[in-house]
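Undergrad: What follows is each chain in one-letter form.
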Amino acid sequence: MLQQYLLRGLKAGLVAGLVLGLFVALVANPVVGMAEGLAGDHGHGAANAGDGHHGAEHESAVSTATTKAVSVLGGVFWALLLGVVTFGVAFYFLEPAIPGAGDTQSYLLAAAGFVTVSGAPWLVLPPQPPGVEQAFGTDLRIAIYGGMMVAGLLACGIAGYAYTHLRERGRPVALAGAVAPFCLLVGAAVLAPANPVEVAVPETVVTGFRALVIFNQAMVWVVLASAHAWLLRRERSTAATETSNTGYAEPTPTAD
Amino acid sequence: MATANDSVHGRIERARLELTPTQVALGLALAAIIGFTLLFFQEPLMHDSLHNFRHGAGITCH
Chain A
1 MLQQYLLRGL
11 KAGLVAGLVL
21 GLFVALVANP
31 VVGMAEGLAG
41 DHGHGAANAG
51 DGHHGAEHES
61 AVSTATTKAV
71 SVLGGVFWAL
81 LLGVVTFGVA
91 FYFLEPAIPG
101 AGDTQSYLLA
111 AAGFVTVSGA
121 PWLVLPPQPP
131 GVEQAFGTDL
141 RIAIYGGMMV
151 AGLLACGIAG
161 YAYTHLRERG
171 RPVALAGAVA
181 PFCLLVGAAV
191 LAPANPVEVA
201 VPETVVTGFR
211 ALVIFNQAMV
221 WVVLASAHAW
231 LLRRERSTAA
241 TETSNTGYAE
251 PTPTAD
Chain B
1001 MATANDSVHG
1011 RIERARLELT
1021 PTQVALGLAL
1031 AAIIGFTLLF
1041 FQEPLMHDSL
1051 HNFRHGAGIT
1061 CH
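Here the protein sequences line up with chains A and B, keeping their order. Each residue of the first sequence is one higher than the last, beginning at 1 in the working numbering. Each residue of the second sequence is one higher than the last, beginning at 1001 in the working numbering.
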């Protein structure tokens, strides 16, 4: 049974991996390259910020072509990992506890995945284009990023638990219970120490880049959830046709 | 298959019957290695190779 779930997660991950790999190849690679060019043009004033290496470096340990190719592969593996861990393992264990039914469960799990892996850490460490020097050192940022992932996971877990257990007191109460942990999460992020940055690229580049990254990661989760929901629906309708010979047919498409 | 005994606890019990500890350890280790490599690994060769991906995914930990 677990195997079936893992395989389904892997398939969803493969679909999202192809999409993300293409996205890195066609959008992220050129955009990051462009931002690096801009950062290079602007020079770096009194750069004394932490150990951030952007800007000052620019002798990469590998060729640009390698970075581009490995980054595409990284995107594919990223989506595969998210697919297997979230929709293989987590969905197997949590399916009985996730609120909703059918597709809703897939999308809720994807939302929780997004909050855990990206959303929560971004509250403290928003996505930055190349050319942004950060005051926090790498080790500290890794610790914060990891810590916020755990906090995001906890918030999602508590939200789901609260919703399920408050459900019988009515939907508004249950929704309020589900929202509360996320308010705490945002509160924790606001209280976290500030990470001053020194930006060597125009502010619009930073804003545009962030929008692109948010879109990109949200897209990964939407594709994962859609693929997973579709696979699940297909399996269930196949199982239904096999068990009952009452002429159950796949929902007939209304248009060609 | 959804059974009457379908709960998170039931799923965990079922997984314990289906999997050996070695399989669990291998699976966790593999996921942890891939995850750590993609997100946090700082070795220069790896870091610079994954540079565009990390920026694109909003992972600012480098």
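No lab work stands behind these hints: they were computed from the structure. A few of these clues could be false.
Said to hold, decoys possible - Listed next, the stretches of chain A that the computed footprint assigns to chain B, with coverage defined by at least 3 CB atoms under 8 Å from CB atoms of chain B:
| id | region |
| --- | --- |
| 1 | 19-30 |
| 2 | 156-166 |
Said to hold, decoys possible - Cβ-Cβ distance ranges computed for the label pairs, FRET-style:
| id | chain 1 | residue 1 | chain 2 | residue 2 | range |
| --- | --- | --- | --- | --- | --- |
| 3 | B | Gly1010 | A | Gly37 | 54 to 64 Å |
| 4 | A | Gly100 | B | Arg1016 | 33 to 43 Å |
| 5 | B | Val1008 | A | Pro196 | 52 to 62 Å |
| 6 | A | Val222 | B | Phe1041 | 21 to 31 Å |
| 7 | A | Thr207 | B | Leu1019 | 23 to 33 Å |
| 8 | B | Glu1043 | A | Gly100 | 22 to 32 Å |
| 9 | A | Phe215 | B | Leu1017 | 38 to 48 Å |
To be verified - So the derived list for chain B, only partly shown, Cβ under 10 Å to chain A, looks like this:
| id | residue |
| --- | --- |
| 10 | Asp1006 |
| 11 | Ile1012 |
| 12 | Thr1020 |
| 13 | Thr1022 |
| 14 | Ala1025 |
| 15 | Leu1026 |
| 16 | Gly1035 |
| 17 | Leu1038 |
| 18 | Phe1040 |
| 19 | Gln1042 |
| 20 | Glu1043 |
| 21 | Pro1044 |
| 22 | Met1046 |
| 23 | His1047 |
| 24 | Asn1052 |
| 25 | Ile1059 |
Glycine residues also receive a C-beta, built at the ideal position from the N, C-alpha and C atoms.
Undergrad: Check the structure against each numbered hint from earlier and tell me which ones fail, lowest number first.
TA: 2, 4, 5, 7, 8, 12, 13, 14 and 15
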